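Novice: Here's the letter readout for the chains.
There are 2 protein chains.
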Amino acid sequence: MEKKIFVVGIGPGNSEYMTPQARQAIADSDVVVGYDLYVELVKDLCQGKVVKSTAMKKEVDRCKLALDSALAGNKVAFVCSGDAGVYGMAGVMSEVAADHPQVEIVTVPGITAACSGAAVLGAPLIHDFAVISLSDLLTPWRDIEKRLDLAAQADFVICIYNPKSKKRHDYIDKAANIVSRSRGWDTACGYVKNIGRQGEQGVVCTLKDLIENDDIDMFTTVFIGKSTTRVINGKLVTPRGYRNV
Amino acid sequence: MEKKIFVVGIGPGNSEYMTPQARQAIADSDVVVGYDLYVELVKDLCQGKVVKSTAMKKEVDRCKLALDSALAGNKVAFVCSGDAGVYGMAGVMSEVAADHPQVEIVTVPGITAACSGAAVLGAPLIHDFAVISLSDLLTPWRDIEKRLDLAAQADFVICIYNPKSKKRHDYIDKAANIVSRSRGWDTACGYVKNIGRQGEQGVVCTLKDLIENDDIDMFTTVFIGKSTTRVINGKLVTPRGYRNV
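These protein sequence lines are chains A and B, in that order.
The first sequence begins at 1 in full-length UniProt numbering and counts up one residue at a time.
The second sequence begins at 1 in full-length UniProt numbering and counts up one residue at a time.
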């Protein structure tokens, strides 16, 4: 394969979280493709480059822009927030380029919201965990409900992406209700808004507090603790099981 | 809180993956604490600092070293591989320091093996996933079996940490057998050895190939695809569900 598209995870937004590998992949490219907001976050790296940005929800169009640029002989960096490989564009880019095996899709990992959000709250993901998106745009809601139920039964810490949107304002309530079949309403939980961006805010709370919470929006990542998760000096912490602490 | 311990995730090893935030936290510290191997990985940042390293499996001792250094008035960076918050030391550090609320435990996230390994293989984590460690040093094996079974039923992509050790050479076989109750033996899988270090190697394979595989060792991260995960141009890819690709 001679041609490459680097699908680059830039982390939550602040350049403090962007790896040198991600920075270099953008610096080495001729063309930068991405959603307007994410391209704006790396604009200092884009000087002298061709920038091709599209509005939200135009994921496939963005991939086609990246593919066309690569086929024309350009080095392409396709930027995503968080990790390019966690609900990111590395997958759909591979699908769009499936008939062009001469174009290699290279994933450059970044700090995903599960990790950056967990750090804000303390250490909730120290033991086995599940990551679930509540967006039913591309997944049937019944599958999401089944995953929430089984993850709660399995005593995973549960990290929730896309907990709400204008059309899905009550989905986090439904999720909390499903989890409550296996865990108490006083289960230690937390959520983080605007991770790594202006207005970052982490809140430690209970499962009950997630219900009808107007503070949770589409830019929030939610953490539901497992049975042993607890609050230590204001931080949300899941023990790994060390006996002699 | 006036005193702080920064528990720092340095990523998989190569400095290309270490965030500026992690680098800065180490640079700003007076004392660096960690397991010998991880301290060695950041030795260029440790010049002029007091370094306190311990052997493997001395996790609580390491936390006590860090706490004592912080209580004595030092700025402490406690280094971990991957993400400090995913099977990392941020949790046990918080437990050890629980009786000292004047010491804040600050988690600095890093690229965890789920993310760095997924990037090597392609894009397996594009949809909901579960992360499970097969180490039963601190978790009953029956709990691990239950989690594997329910995660497979829920059609999560499953990322496995600690798939084998000298004492646990057949655990990945047991895990594959449990998953096979819900998924075919031809399910698309993969594993990555020595992520971000010398000898890095990613292999795309099937669920069947994980059985009796001598290539998988304690430095390997394993990925078991969900029902829709497939191989595209040699990469392991989970579709997000875009209909019109």
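Please keep in mind that the hints were generated in silico from the structure rather than gathered at the bench.
Check the hints yourself; a few may be wrong.
If chains are identical, the list can't say which one is meant, so a pair holds when it fits in one copy or spans any two.
As the list claims (entries may be wrong) - Capping the alpha-carbon separation at 30 Å, the derived lysine-lysine pairs in BS3-like fashion look like this:
{"hint": "1", "residue 1": "K52", "residue 2": "K208"}
{"hint": "2", "residue 1": "K174", "residue 2": "K64"}
{"hint": "3", "residue 1": "K3", "residue 2": "K174"}
{"hint": "4", "residue 1": "K193", "residue 2": "K75"}
{"hint": "5", "residue 1": "K3", "residue 2": "K193"}
{"hint": "6", "residue 1": "K43", "residue 2": "K146"}
{"hint": "7", "residue 1": "K193", "residue 2": "K4"}
{"hint": "8", "residue 1": "K174", "residue 2": "K75"}
{"hint": "9", "residue 1": "K75", "residue 2": "K208"}
{"hint": "10", "residue 1": "K167", "residue 2": "K4"}
{"hint": "11", "residue 1": "K208", "residue 2": "K146"}
{"hint": "12", "residue 1": "K3", "residue 2": "K166"}
{"hint": "13", "residue 1": "K49", "residue 2": "K146"}
{"hint": "14", "residue 1": "K167", "residue 2": "K49"}
{"hint": "15", "residue 1": "K146", "residue 2": "K174"}
{"hint": "16", "residue 1": "K193", "residue 2": "K49"}
{"hint": "17", "residue 1": "K146", "residue 2": "K3"}
{"hint": "18", "residue 1": "K3", "residue 2": "K167"}
{"hint": "19", "residue 1": "K174", "residue 2": "K43"}
{"hint": "20", "residue 1": "K174", "residue 2": "K4"}
{"hint": "21", "residue 1": "K64", "residue 2": "K146"}
Here the structure is a predicted model, which means the values were calculated and not measured.
Novice: Between copies, within a copy, both or neither: which fits K3 and K174 at Cα up to 30 Å?
Specialist: Result: close neither inside a copy nor across copies, 45 Å intra and 40 Å inter.
Novice: Regarding K193 and K49, is the shortest C-alpha distance of 30 Å or less found within a copy, between copies, in both, or in neither?
Specialist: neither (32 Å within a copy, 36 Å between copies)
Novice: For the identical chains here, do K146 and K174 meet the 30 Å Cα criterion within one copy, between copies, both, or neither?
Specialist: both (12 Å within a copy, 24 Å between copies)
Novice: Tell me, please, which holds for K43 and K146 at an alpha-carbon limit of 30 Å: within, between, both or neither?
Specialist: neither (41 Å within a copy, 47 Å between copies)
Novice: For K167 vs K49, is the C-alpha pair at or below 30 Å within one copy, between two copies, both, or neither?
Specialist: neither (37 Å within a copy, 53 Å between copies)
Novice: Between K52 and K208, at a C-alpha cutoff of 30 Å, which is it: within one copy, between copies, both, or neither?
Specialist: neither (44 Å within a copy, 43 Å between copies)
Novice: Are the CA atoms of K208 and K146 at most 30 Å apart within a copy, between copies, both, or neither?
Specialist: Cα proximity of K208 and K146: in one copy and across copies (20 Å, 26 Å).
Novice: Up to 30 Å between alpha-carbons, please classify K167 paired with K4: within, between, both or neither.
Specialist: For K167 and K4, neither the intra-copy (37 Å) nor the inter-copy (42 Å) Cα distance is at most 30 Å.
Novice: Is it within, between, both, or neither for K174 and K43, if the alpha carbons may be no more than 30 Å apart?
Specialist: For K174 and K43, the Cα distance exceeds 30 Å both inside one copy (39 Å) and across copies (49 Å).
Novice: How would you classify K49 and K146 at a CA-CA limit of 30 Å: within, between, both, or neither?
Specialist: neither (45 Å within a copy, 51 Å between copies)
Novice: Check K193 against K75 for me: Cα-Cα at most 30 Å, and say if that holds within a copy, between copies, both or neither.
Specialist: between (34 Å within a copy, 28 Å between copies)
Novice: Pop the pair K174 and K4 into one bin, within, between, both or neither, using alpha-carbon distances up to 30 Å.
Specialist: Answer is neither; intra-copy 42 Å and inter-copy 38 Å both fail.
The structure fails to meet hints 1, 2, 3, 6, 8, 9, 10, 12, 13, 14, 16, 17, 18, 19, 20 and 21 from the earlier list, while all remaining hints are met.
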